[in-house]
Structures are given as structure tokens and as C-alpha cells.
Amino acid sequence: MALTVHALLLGTCLVFAILRLSAAAAAAAAAVSAVSRSTYIVHMDKSAMPATFSNHREWYAAALASVKASADAPSLVYAYDDAFHGFSALLSEDELRSLRRFPGFVSSYADRQATLDTTYTYRFLSLDPSSGLWSASKLGEDVIVGMIDTGIWPESRSFNDAGYSEVPKRWKGKCEPGRAFNSSLCNRKLIGAQFFNKGLVAANRGKVLSMNSTRDTEGHGTHTSSTAAGNFVPDASFYGYAPGIARGIAPRARVAMYKTFWEEGQYASDVLAGMDRAIADGVDVISISMGFDGVPLYEDPVAIASFAAMERGVFVSSSAGNYGPKLTSLHNGIPWQLTVAAGTVDRQFSAVVTLGNGRTLTGLSLYPENAWIQNRSLVYNRTISACNSAADLSALDGAVVVCHDTGSLFDQVEVVGQSTVGGAIFLTNESYFRFSFPGVVIGPKATVKLLKYVRTVSHPTASVQFKQTVLGTKPAPVVTDYSSRGPSASYPGVLKPDILAPGDSILASWIPTLPTSVIGNTPLASEFMVISGTSMACPHASGVAVLLKAAHPEWSVAAVRSAMMTTAAFVDNTGQSIRDAGNGYAFASPLAVGAGHVNPNGALNPGLVYDAVPRDYIAAIARLPPSAVDCSKPSADLNYPSFIAIFGPKATRGAAQQFSRTLTNVGTPGNYSVAVAPAKGVNIAVWPQTLEFRETLQQLSYKVTVTVKSPISGTGENYGAIIWFDTSGKYTVRSPIVVL
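As numbered in mature numbering (1 follows the signal peptide of the UniProt record, and there is no 0), residues -17 to -1, 1 to 723 make up the sequence shown, in order.
Bear in mind the hints are in silico, worked out from the structure with no lab data behind them. The hints are all genuine.
Restricting the straight-line Cα-Cα distance to at most 27 Å, the calculated cross-link-like pairs of lysine-lysine (DSS-like) are:
#	residue 1	residue 2
1	Lys181	Lys155
2	Lys309	Lys633
3	Lys157	Lys181
4	Lys155	Lys29
5	Lys713	Lys686
6	Lys309	Lys457
7	Lys29	Lys181
8	Lys121	Lys152
9	Lys51	Lys181
10	Lys692	Lys663
These figures come from a predicted structure and were not determined experimentally.
Using the sequences provided together with the hints, build the complete structure.
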């Protein structure tokens, strides 16, 4: 059996590097009797438990009873055992100070809130049932993915279990009953459903939960679950957009939902409880489309729980966040899990504008009605096209108005929606497409053509046809502007994000109780929904990890991550480097795109992998402040599939950093040579320049030296790559490098 979290962490640097007490722990006060108490998460050294206690829960209860500052003892919220050893409890500041002196206490920090961050994407990822990763993994059959999210809508067709065999015997989870959710709603596809809200309730005494069960009331969890592992659903579409057969990336995988996010709030103690249970239940992959902003690594509940998961061989995939394009806006910059950025796909939901001269323009729209505007007057002038007066627009008598870019698109959309105008064409570079009226957005190139027409014709007209789905758009993928950028503020020692995955305009299952669109003032419901975010990118990567776990059950978490990263695509469908929408469509830095766009079929057979074990991570983070001990000879760096060299603005010519890496052969024997894609301002040297692998699982090492030649910009523009390729041409193992 693998080392337990306790056996590995106890007495090592990780206890101090990850779990060190934050001196400035903040709390949201909650009144309990006469003592003001807040929820704290407390880490304990389980080996210090006296033999007089039969289990750790009794010991935790005794600890709380010993520090009570009023007639009633502090209230236990959760006891944790698989994610880490400890508990969460309502404590006053005096009680917390007393608890720090209790034998076995390691650290504590205040509970905090988290932020939440298809029919076609499988094809964009080149997944084919007859070959490649889908074939080798049998579509992810019997791999279990645990979703940490807002719950699930079990009646969705995406979770139908037709054709599934019995639930794997190794499964230890359950289907927890609750409001509008009974245990019979689970099946051989949705094999587990549990909910966690004690932290939320403890922080908000008297609050009544709208849905005290695993049932999804926000749609987010249903969408992400069906993206990762939804079953095949025929006749899927969003009001006619993106028609086809919906399916998840791993359509034969099993799904277990752990609801930790609520309309009323999301708390770290609940997230820890959900991940703790998922690990104990026996999931193979955890997908978590959320994160904690501005939290150090040693207080991040996702980091703490995902370390325990990694120890057990459970792969954790998480979203990078939606705070781009600012640098260091990324959360989940955790070395032992995958951090996923969001990109576009080569599909566009459109409306086609046909001008009176016969020229056609394609724009963005998800207007849901079967509307076809034919030969309407097209109105454009300096005053009316500001689109800031509903009364003026209503006087146009059903014409189509052209709204020029004023920098306030959302205000314009609201005003047009209040008018009786026949339709609107918005001239903007923004990717907006949700309209309650016949509306369409056209970009700069189409704008030039439209304005030339309206300015040269005395009575311009236009027709608009909606519900158009355009495939093969270029360039794709593109890094979205909202996708958070690295480097990671919590641990800048590894390059983050790790990878780019489809996250923009993703169609997946939805809940029938939450409207998906509006026509006029009438809300509409749909079985499917199109939404965007790194929350949508994460389950795509999680699904690929599921497939790889099915195809290569012998691979470690690090090997799976390495295979995904070193085979990632760094060019788009035009053959050029992937571009960044948040940086004027310039070529994307690895701080935005990571190693590149996920390439499932390439990851199936990567040739070489960068492997790592738990002790490697401990050695790497031993240098993190605040460390209570001096760990002897910590690693210079982690055996990671990417590189980041941080020199700072005052770096002088000749300053150098050295990295060591070890490659493990998981392919056929062969000779590899190295190539370096140069980075501006530095020299990158690799030694040795050739590696000869004579057998499977053989390990060989190399060193990289980065030497400063000229000033470093610090904006992520100084980047390159180290590429190992075998002489047969079968394998290419690529690692990005960023210099800051």
C-alpha cells in the first residue's frame, strides 16, 4: 500500500511548508452564545494522539472541550482523515490561542470562500472511437471521476446508464439522499452523490439552504460533469445551434458528484470535506473548476487535499481562473496537479448578415428564436447609432440599427432590448452573443465592409439569418482574454498554467429550472447550455486524464501530467504559434498557454515522461516561507515538464541558473537528440545533447543552464522551448521555458 498522507508528511518539511500557521488568519465572525466564534481549519499530528482515545474524532472532541471559553464547548464542523489529519471547528480567538498549545497541534487558518471559475469539442481534439486514445482507453470505461462542484441534475440524459456494466467493486462511495434527491437517482453511470455544507452553515447561522442535497441549482456542476464524462446524447443542441450528438471527453467513465459549492456561498472547510471523501471513496480523477484567490500554498485547501490525492495515485485537474489577461492572476498554481487555461475552438455560433448589395457578413449571435429578418431598412448615423435611447430606437419602425462601438456594449444591449427596434448589429471586437432580441456582433474586418456600404447607398437594407453554426474557423485555438495568466503567486517555482483546453462557448448539459435564454421578457429553458470559462476547460483536461488512466493504469500522476504537457500542440490550425486574445492576438507566452493545447492522441504515446514521487515535491517546496525548520539540501528544482527561470529586473549579464531533469522511457528504445528554441535575452545550453534509451522505464538525466545576455522584460515575452526528439521521428518531447 502507498504511504499514507500522515506517514509521508509527519516530521518532514511539508508539514511546515504547506501547513504553517498564518499569523494574519482572518475570520468572518459568527456569534455562538456569548463568545464570538469563527470557523478555523486545524491540522493535527495524529501520531501524537494518546492511546486512551479509540479514534481521532474522540481526540479532536477532547481538544475542543479543553479550550472552551464559555459554558458551551467549541463546535466541531468536520473531521478530516484522507485529505489530511485534522478538523474544522467554530473557535474564538482565545480558544484558538489555547488550542495552539494542545499536544499534537500543527497549524490552523481561517475558513475562506472560493470562486467558481459538448457536441463538437471531442472532434476538435481529434478523438475517434476507432483509433488513438478513445480506442485504447475504451472511452474511459470504468474509470471514476470525482467532480467537486455545485451538484448535478441526475435526470439529465448525459448521465443515462444504458449499456453500462455493474459499478466497480472497488467503489466505496454512496448516493446520499436529500431534498428532491433520493438514492435511487444514482445508477451505473452516476455512481455517487454527496453534499457538504457544514462550513457554510457554521459561518452563516440561521441561513436556510435553498436545496439541501446534491441536486444542482446553478447548472455549473451538471455542465462540467457532462463535459468530462457525459454519455452519448442524440439530438442535442442549444435552440438549433451546435446540433449533433453530445458526449463527454470520457463518455464511458463513471461519475461521482461531491457538492461543495452553494448559491449561498463556498467555503474551504466544505471543499476539504468533499475532497477528503472523494479520496476515501476511491475516485481515480478529481476535477475541480474553482479556486481560492490570494491564498498561500500552505493554506490552500485544494493544494493540501490534492497532495493527499496525488499520494494515492488520484489525478487532480483544476481551473486556472478567469482573471486574465493580467500576469500572476492565476490560482491553483499547485505543483502536484494540472492547472488548465481556456482556449477557443474552431466553431462559431453565428448570424449571417446579407447586405442589400449581396455581400454577406458573419457575426456572433446565440439569439434563440427562429427569426429571419428580410430586407429591412439599415439605419446608421452618428446620433442614433450611439444606441443610448430606447425611445429614439423605437421610432425606427422595425428597422435594423447599426450600433457603433462606444466602449459600453452591455449598456447598448440593454437599451436596444428595451426598444421595439427590428434588430441590431453591434460593431465591436468583443465576443458577446447573448441577445433577447435579434442581435448580432460583427468584428473589425466586417465593420469596414458594412460601413462602406451604408455610407455609399441612399437606402441601405439588410437581412439577418440566425441559428448558424460555422465550423473550421481560423485561427483556433486562441487563448481567451479572461483565462488567468501565470506565474503562480503561491508557488512561482513551476511554470503555470500547465496546458490549454477548450473553454470558450462550450455546449454541455444544463438544468431545466434555470433559464438559458430570454426572448423579450420571456425566459426559456433548454437541456443544454453554452457557457465559457476555465471552469469549462478543466473538465476537458480531466476527461483526457481519465482516458490516459484507463489506457495506462500503471502511470503515476506525474507521468499522466507529463504526457499531456510534452505532447501538447503549440501551433494552431493555420500552422502558426497559438495566439493570445488578451495580448492583441500576438503569439501566446507559456504564461498564458502553458505547454500548449491538449493533444489526447499524442499523450497516449509520449515516448518519454518527467516522473515525480511525493518526496520530490516535499524537497522542492521546502524553500517556501514560512518554514519552521532548515531542511537539509532541498532540491534546486522539481522534475517538472516545463521550466521557469526567475532572474528579476536587476539581473546582470552572465547571471545563470541551472536545472536538472530526469526522463523516463515509456516508449520503445531509441536515441534522442535535443533542440533548443531560443528565448530572447538569454542563452540556453543543454548537456548532454543526446540520450540513448536502451530499455523501457530506463531513466536518464540532463542539465539546462540559462545565462543572461541582455535585460529581461519580466512580461513573459522571453520564452523558448527544449525539445527532445528520437532519430526515428516517432517521438517529440517538448518543454516550454520562460525567463522572468
